[in-house]
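Participant: Quick note, the sequence shown lines up with residues 1 to 717 if you use UniProt numbering.
Everything labelled a hint here was simulated from the structure, so no lab data went into it.
Check the hints yourself; a few may be wrong.
[Unchecked claim] Capping the alpha-carbon separation at 27 Å, the derived lysine-lysine pairs in DSS-like fashion look like this:
hint	residue 1	residue 2
1	LYS660	LYS670
2	LYS152	LYS177
3	LYS566	LYS542
4	LYS194	LYS670
5	LYS542	LYS415
[To be verified] Ranges of calculated distance between the beta carbons of each label pair, as one might list FRET restraints:
hint	residue 1	residue 2	range
6	ARG148	GLY429	39 to 47 Å
7	ASP608	ASP672	22 to 30 Å
8	GLU267	TYR398	33 to 41 Å
9	GLY560	LYS177	16 to 24 Å
10	ALA336	ASN485	48 to 56 Å
11	SER503	GLY674	40 to 48 Å
12	ASP443	ALA16	54 to 62 Å
13	SER612	HIS490	15 to 23 Å
14	ARG307	ASN483	23 to 31 Å
15	ASP608	GLY674	16 to 24 Å
16	GLY88	ASP140	19 to 27 Å
17	SER215	ASP443	25 to 33 Å
18	ASP143	SER503	40 to 48 Å
19	ASP443	PRO136	47 to 55 Å
All values reported here derive from a predicted model rather than from experimental measurement.
Don't be surprised by glycine CBs; every beta carbon is placed ideally from N, CA and C.
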Amino acid sequence: MPGTAPKNPSARTVHAGRALPYGASPTSRGTNFAIYARETTSVALLLTVDATESVHPLDPSLNRTGHVWHVELVPPVPAAAAYAWRVGRDKDPRWRSNVCLDPWATVLDSPVGPAAFNDRSSKTEQYSPRALVAPPTVFDWQDVAKPRIAWKDMVIYELHVRGFSKRAPDIGPTKLKGSAGSFVGVVERIPYLKSLGVNVVELLPVMEYNEREWSHINPESNKPLSQYWGYSTVAFFAPMNRFGRDGSSPAQVLAEFKYMVRELHREGIEVILDVVYNHTAEMGLDFVGPGFYGMKTLAPFSYYVLRDGGHTFVNHSGCGNTVNSNNPATQELICASLRYWAHEMGVDGFRFDLASILCRGVDGEPLADPPIIERMTKDPTMRDVKLIAEPWDCGGLYQVGTFPHFGVWAEWNGKFRDCVRRFVKGDGGMIGEFATRLCGSQDLYGDGRKPFHSINFITAHDGFSMHDLVAYDKKHNHQNGENNNDGEAHNNSWNCGAEGDTSDGNILALRRRQMKNMLVALLVAAGTPMLTMGDEYGHTKKGNNNGWCQDSELTWFDWGAAKADKHGLMRFTSKLVRLRRSVSSLQHDTFLSDRDIAWHGSNGGQPDWKSSYNFLAMSFKGACEIYVAFNAGGESRDLQLPHVHGGWERVIDSNLEPPKDFADEGQAAKLDGGSSYKIMPFSCLLLRQNGRDGEGQKLDDVVQAFESVEISNLPEA
């Protein structure tokens, strides 16, 4: 256990130490430090206690086991003491520095709190955090268990910690000063998540990163841009200090993250982390590129994929330094990081950014059975942890439906995204594929997996928001400072008749219908649906489809707009989520077939599968039958409704204005089975069998989401 420092911080005896565990760890009499450093013959520990630095050179005959260097200092080093590793006596000309951050550090001395985020007065280009000796673990989980939500019952909500809670004070006082833009700020918004109906949050990267790693300027505002998203990991075990509350210590950020997880779990919401193990913040194709934290010096041939005789870093990530994930030492680092976040920090699962890079060998070649994927999958301590792949990389490896899954891995289904976008905007020849996607994408996941292994999404952080998907034909990324050359050019979007802002009422009404149509497709389809923060109220990023560097209102959740819900889209989304979660006909753990559904054309007979006009209707069989029709074209259609015992209730008609677009309980119009119904252009219809238990309990009023939440049981700083 860390103890009190002696009066003379350097008055410690040096002992051999042990090779494991890595990082700083307590011993019975002191503190052990261990680091993997393969390509060196000289290592020293740099220790700072009470502003006094001491240097402890390691003896390779005493302090080295294989490629692991280690040392024990007695008596114990106090918690919050800073340390780093010096590799080599002299600086190698290839290296930017020979002072290295410990990759196994769980606490860093970087700036803390939302106020420090993007603050140029804080460490920027000189950002060089050191590891801190972590305090003993004393967090009280209060016997709050993980929710362990079944895949088929999940509704995921992707959010950015800072962006989600940054503007929360606009709608009422926060309970804790300095919490906006923090882990604690997410806790304050739990009532909103509950009212929306989602039961899983997927957090954009929360491991420590340097938001000031770039010095780009917004050419329109002349303000500095930042690394907002966080896909540039500095330390695989340390939470982002700028997501702690203002005034917190680095160690306190650990407790605040756990507090967030505990309170989400208390309310039945799981936590999935978006993790980046495909590259690090040490960018560039050489040893002196922007960003340096030590892995390039400690063991570059182990941690990275290199070419040209070890002088150039391979770029399959788009960031210039592909992690050598199937090297044994790197495997251990990554898997230990996952175990730490799952067991010590309490999270429920992981979404792996550019996961196909993890399927490449030590020379970058694609592998059929990547060792690290198998190791993650078969780790007995990770058996209940959810694993989700983004099944592609920037080097051309595209594995949607073919990711090496071992029967466990789910995937972001990019084909679902592209198909629904194209069908809803009226692209011809999409009926057959649209039906396949609605049924769970058996063509992709039928070999050893279930429909819930398809993470269905239409938008994500990367790309257009749902509003912009129906408001822009082209990307407008000029504010990113790259002359609009960044971001995806192929978006399958349609501006509905005008590019961007317009006062044309018909165009605006069409856009609202199209958003509702996509939401219905997402939430009635077999698979695991994922919503993106802000889509539920129609957030716009003004056509910017690559907001990685935009720490501003452009990307922050607009709580004022959500509360106003001017056009009822948030009400619509919330009711739709709850409909899915409460109607058994819409929850599937097997692929849909003729025993589960019946297909209909507009005349009540079979669909014209080869038609260039996108109309498709289907009936979900079960205790409560559901009928859904999509008219993704510019003509109205007179439908012949299927016969059903008791007739139908009209739950959704996306052509109608709120509240009729999604009927409140007891307010649904009654329709006879076999009757006709006119479905308007670019709209959808959802009917429920009359007299059957459809939604279960009465839907909550969305306004309740904005009632203040009492913050309690917060760990003390």
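Participant: Now tell me, hint by hint, if it's right for this structure.
Facilitator: Verification of the hints:
Pair hint LYS660 plus LYS670 holds up; C-alpha atoms about 13 Å apart against a cutoff of 27 Å. The hinted pair formed by LYS152 and LYS177 fails the criterion: a straight-line CA distance of about 39 Å is larger than 27 Å. For the proposed pair LYS566 and LYS542, the alpha carbon gap of about 18 Å is at most 27 Å, so the pair holds. Restraint check: the Cα-Cα separation between LYS194 and LYS670 comes to about 30 Å, which exceeds 27 Å; the hinted pair is violated.
With a CA separation close to 25 Å, the supplied pair LYS542 and LYS415 stays within the 27 Å bound. A hinted range of 39 to 47 Å for the beta carbons of ARG148 and GLY429 is consistent with their spacing of about 42 Å. For the pair ASP608 and ASP672, the supplied restraint of 22 to 30 Å holds, since their beta-carbon distance comes to about 25 Å. Evaluation of the 33 to 41 Å hint for GLU267 and TYR398 yields a pass: the beta carbon distance comes to about 37 Å.
The hinted window of 16 to 24 Å between GLY560 and LYS177 holds, with their beta carbons roughly 21 Å apart. Roughly 39 Å separates the CB atoms of ALA336 and ASN485, a value that falls outside the hinted 48 to 56 Å. Distance hint for SER503 and GLY674: a CB-CB separation of about 43 Å, consistent with the stated range 40 to 48 Å. A hinted range of 54 to 62 Å for the beta carbons of ASP443 and ALA16 is consistent with their spacing of about 58 Å.
In this structure the hint that SER612 and HIS490 lie 15 to 23 Å apart at CB holds, the actual value being about 21 Å. A C-beta distance of roughly 30 Å is found between ARG307 and ASN483, which places it inside the suggested range of 23 to 31 Å. The beta-carbon spacing between ASP608 and GLY674, approximately 21 Å, falls within the hinted interval of 16 to 24 Å. Our hint of 19 to 27 Å for GLY88 and ASP140 is violated, since their Cβ atoms are close to 44 Å apart.
Between SER215 and ASP443 the CB atoms are about 46 Å apart, so this pair departs from the stated range of 25 to 33 Å. At roughly 56 Å, the beta carbons of ASP143 and SER503 sit outside the given window of 40 to 48 Å. At about 52 Å, the CB distance of ASP443 to PRO136 agrees with the hint of 47 to 55 Å.
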